[in-house]
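Enquirer: Both chains are given apart, each in its own frame, so use the hints to dock them into the complex.
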Amino acid sequence: MRDVAVIGIGCTTFGEKWESSFRDLFVEAGALALEDAQLAGEKIDAMYVGNMSAGRFVEQEHIGALIADYAGLATHHIPSTRVEAACASGGLAFRQAVIAVASGMEDIVVAAGVEKMTDVEPGASTDTLTGAADREWEGFVGATFPGLYAMIANDYMHRYPLTREQLAQVAVKNHFNGARNPIAQFQQEISVDTVLKSTLVADPLRLFDCSPITDGAAAVIVAPFERAREFTDTPIKVLASAQASDTITLHDRRDISTLDATVIAGKRALKIARCIHKDIDLVEVHDCFSIAEICAIEDLGFCKKGEAGKLTSDGITALNGDLPVNTSGGLKACGHPVGATGIKQVYEIVQQLRGEADRRQIDGAEIGMTHNVGGTGATVAVHIFGRI
Amino acid sequence: MVGIITYGVYIPRYRIKVEEIARVWGANAKDISGGLGVFEKSVPDMDEDTATIAVEAARNALARRMVDPEDIGAVYVGSESHPYAVKPTACTVGEAIGATPNMTAADYEFACKAGTAGIQTCMGLVKSKMITYGLAVGSDVAQGAPSDALEYTAAAGGAAYLIGRDNPIATIHHTCSFTTDTPDFWRREGQDYPRHGGRFTGDPGYFKHVEGATHLLFNQLGKSAKDYEYAVFHQPNAKFPQKVAKELGFKPEQIKPGLVVPWLGNTYSGSSPIGLAATLDIAKPGDRIFVASFGSGAGSDAFDIEVTDVIDSETFQRNAAPSVEQSLKNPIYLDYAQYARHKGKIVMQS
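Chains A and B, in that order, are what the protein sequence lines are. First residue of the first sequence: 0, per numbering that gives the first Met the number 0; consecutive thereafter. First residue of the second sequence: 0, per numbering that gives the first Met the number 0; consecutive thereafter.
This list has only true hints and no planted wrong ones.
Result set (SDA-like, lysine to any residue): computed pairs, CA atoms no more than 25 Å apart in a straight line:
no.: 1; chain 1: B; residue 1: LYS242; chain 2: A; residue 2: SER197
no.: 2; chain 1: B; residue 1: LYS29; chain 2: A; residue 2: LEU206
no.: 3; chain 1: B; residue 1: LYS238; chain 2: A; residue 2: GLU15
no.: 4; chain 1: B; residue 1: LYS29; chain 2: A; residue 2: ASP192
no.: 5; chain 1: B; residue 1: LYS29; chain 2: A; residue 2: THR198
no.: 6; chain 1: B; residue 1: LYS29; chain 2: A; residue 2: VAL200
no.: 7; chain 1: B; residue 1: LYS242; chain 2: A; residue 2: GLU15
no.: 8; chain 1: B; residue 1: LYS238; chain 2: A; residue 2: GLN187
no.: 9; chain 1: B; residue 1: LYS238; chain 2: A; residue 2: GLY14
no.: 10; chain 1: B; residue 1: LYS29; chain 2: A; residue 2: ASP202
no.: 11; chain 1: B; residue 1: LYS238; chain 2: A; residue 2: GLU120
no.: 12; chain 1: A; residue 1: LYS196; chain 2: B; residue 2: GLY33
Only part of the chain B face toward chain A is listed, based on derived beta-carbon distances under 8 Å:
no.: 13; residue: ARG198
no.: 14; residue: PHE199
no.: 15; residue: PRO203
From chain B, some residues computed to sit far from chain A (all C-beta separations above 10 Å):
no.: 16; residue: TYR13
no.: 17; residue: GLU19
no.: 18; residue: SER127
no.: 19; residue: HIS214
no.: 20; residue: PRO261
no.: 21; residue: GLY285
no.: 22; residue: THR307
no.: 23; residue: GLU313
no.: 24; residue: SER322
no.: 25; residue: ILE345
Derived from the structure by calculation, the hints contain no laboratory data. A virtual CB, placed ideally from N, CA and C, is assigned to each residue, including glycine.
One chain only, chain B, in its complex shape (with noise of 0.2 Å):
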């Protein structure tokens, strides 16, 4: 059975309140905050970046489990902001961690589900022996233009998975896509910002497509809302996950663990890693936990996977690297002309 041998997540520490994006736009922060449900989002250091969250998150899953990490003979990682068109973040990752060179590394990019598809391909390659052990990492250093709605949520973040056959700390039974062409959000080669169709994000993008995966996943394997005991949807804001899985049979308190959204905003393709991770962060052996990524242009990968005893056995030290919950604490909150700076908004002479 293929599964999840480690994790780890790596947040920056700086955040900004939504009120403070507001008041520079003259826009009123109650409104949005109670429209998304999103109260502060996470902002990297300056000199942080899409590679630098993906090596902290790898580190930390490293951290919880010896693995030789010559025994790792896949990494992919998947963003929509690696900091170069062409040079893979995957062997600056590689590299980092000392699985460098006998493995295969690639970038991947579908809008903010391009970790979970590193992670379904990590997943064949383990089940046809291909490779021991594949690092699936999402992370982000989210883009959101000046006063535009998504820059109230989007932030930066990252989840590394590594993906395995003996003694994993989560069995994934299953997996599944849900994929079709629908423009609903998008950034063309050398635009600095992305850009979106408004409410056509939702029902014809989000909804439609979770909604197809999760069905479909079902469907297979005759299973419905009721035998999870968690549920992890991707989240742009805290109403949609909220309403896709109301909509979906699920409640409240199967999504809580895992709905980090509103004092982390949205870390695009680390979105539904981080809250998976939320949620392994305090599962216990036997959980089920069902998995919904959403990438734009549109697509979902949904997942069920179910914890093992391996989670609470010495071979695995879930404390020797951040949780999710310790991640979030202490942080440091910038104004916006700080915020400006971090993100590399402000451009300096040189």
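Bound-form chain A, shown alone (with noise of 0.2 Å):
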């Protein structure tokens, strides 16, 4: 297997983006990371999007072709592949890409995510994300995401010390460094306070708990890391791909508190990466609503199981503690375009080991993760990254 590098990297900013259409994002997103790498376009050997429902969201199937089309790159006939796990999309298909490049088959791969949310009414787009779950034994039956996860949040609260505020306080420092992205959907900090009085969605998670419906595109370009250096004076090195899967409903797993796929892909991610804990400077994980990021935090391996919230209300998670989490806002503050945001976390590491992070830098960061959810955790996808 060969070594595989980023070598360019792209990123629309996140919100409601009512000017642009489905394509536009993609277009966009591919054109910055294009011109990130200096590269051109007929380049590239291949392509996979990360996408769950354009289907639903925009009625728009074959996306491969589409994107390769409006690309420009329909008459070169490169292999262009869709992948679709829910939310950890992007994730995987950022790891197809990596896997294409390091068995030799392909050189330059571009990865990228799309989702345009905005286009549907809200019922329409809570639906659709339902399809996430499992739809005859949760989605028939009534359970939304914001209730799955109200579940787990009831769950864990009930068996460990974690308070109403310590969870507010993962919004209140993903919307600090949401406010130091131009990216991100929501550039405002807030408080403790703003969290507690927002509106009840399912007992306990409030909407300022919940990540919102979002527009956005990110792309990112990989190639053999021996060839890296052809296109970028950086390459960031990937250091570590790896995947789990568990049930997709809830109830049948072991414990609902713990993601069981998260437990087993960050662990082989770091033993791929050969590294421990204490090498990661940075993690990107996957905080669809609060309580996400206090079990991704924990089933990482960063801490034992009813820790996080401390670690949070301790500011250790902070953009100025000792394991900065979500330094792009995560889902939280950037948006969460579902297909996009696996990518988006490649495209926050990226530029952290690059040292491009401008106001929500981490000096010195050499070795970056990104954790990327399906579902309430039937996939998960790690990658681990580094500097070199």
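Expert: Right, here's the structure in full:
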């Protein structure tokens, strides 16, 4: 297997992008990534596109070919493949691109993610997202994603010493970081009070515990590490790519407050990268809800079960803490265009490792991790990156 | 010069407070009032509708000035809650004020700006001398679905403007419009309540069009916000007109007399016409008034208006009909159950 590096990155701003269509979004992100790698489109050998549900959000399927076409590559006839794993679509698209390059099948591969969610009404988008859970056993009986994660939160808070205020501090921290990220949907800092006084969505989760509905796209370009310096002075090496699955329903899990797929993928990734937790300088975790960030920090092994709340309230996960989590603002403040999120996480880590993260830069960051979840944890992708 | 010969308003006496609606839906009244800047809204009586409100407003307009109703050659009623899908409200109004039969009439619909579209139509007919006077009314018993954000503001009321050439109380120097196909708010045939695109009704809807019409008019006349004593904007809530006024360079005191939404609610087609009426209620000769309506779908009509000496002359009796301020006094408050009955939300067995 060959070593793989990220040689170019691009991301649209995230938000309610009423002036941009589905195809506008990925064309913009792709063009930015090519520009970043100083690469001409015809050099691309293959593309993988993470997208959860363009069929229901914008009534468009056949995304792989559409993206190649609108990238101006229709006449080059390159293989272009859509990857779908609900909210982990982006993370898995990235992994497919890494595998293609590592195997020697392809050299220059684009991994992109895109979702256009605001063309439908809120009820329709909530229902579409419910497709990431088990439609027969969860969706049809009334469960929504806020509801499922609220069950995780209730179970967790019953068993472990997590306070409502600590949960709110996850959102406060991520908004603080988002306010320092030009692509973030929410650019305002908030207080614990803002979270606690916001509308109750699914007890105990309130509006500010939830990531929003978002339009956006991100793209990165990977290449064999040995060729990376042809394109960039700051190649970022992919140290590990790991993926794991679990039961699609929450109620069939061994423990609903522990995402076993996160535990397994995290362990595999560290083993492949030959790293220990102390080596990781920062991590982008999948905080679709505040409780999800708490679980992720623990399930990835950064602390024991039940300790992530205190880690958060002690400021360990803040920008200036020992383990900065979600320096981008996470899903909460950046927004969560589901198919694009996994690629945006890579975009953030690469920016940090290159030293290009401006007001949210972690000084001396050398190794970073991304953690992308599909559904309530039925699919998890973990990647580790290093500045070489 | 074309201008306003007389005007009149009508606002039903019943009110419901935002906190009473919030109580029923388990919402936080303070957040809603704080977010919208609206505290209560008008509610029609059980036998009031867009037609009765339009008639009352038209009669109040004619009470202020001696005009032979037979000289009124056109009646246009703008509303998005006409009682009939087919059968014009405008005919009822024309008949009630004695303007029939030598007149043209039609109902207009352009969400919340059909009233100002009627004023523009009358201006054209008067200017071309096809008619002596034209009556334009904006009137609504606004619909908002139970528990929808609109329910906190959708109100009832209307204003009537008689447009003519001779001795207007206010000259309309210029009008222009900014219109696009923007689906921010809609109601299909047969549906009881409108639907809307949430925040999409803001930037790509209200702000783009109101600012578009305003800049168009300013550019055509070489004017800016400081050239006006007063400004009136469509007011679906208090926040939108305050924000757009600030962005366009108007000061809070310029929009204050015409900002009636906090204690009235959004009367849809009646909204900016009632705001203009409240401004004319206190205006002096020489005052320059800027008006920009807004209708979802979407468009905005901008007007440059100058008050004349006639407003203080004997031919115009401002006090012969209730002012907007007087119309808002002595409300009768309803609880949600009474409100539901008034609005026909409770279906009685036949």
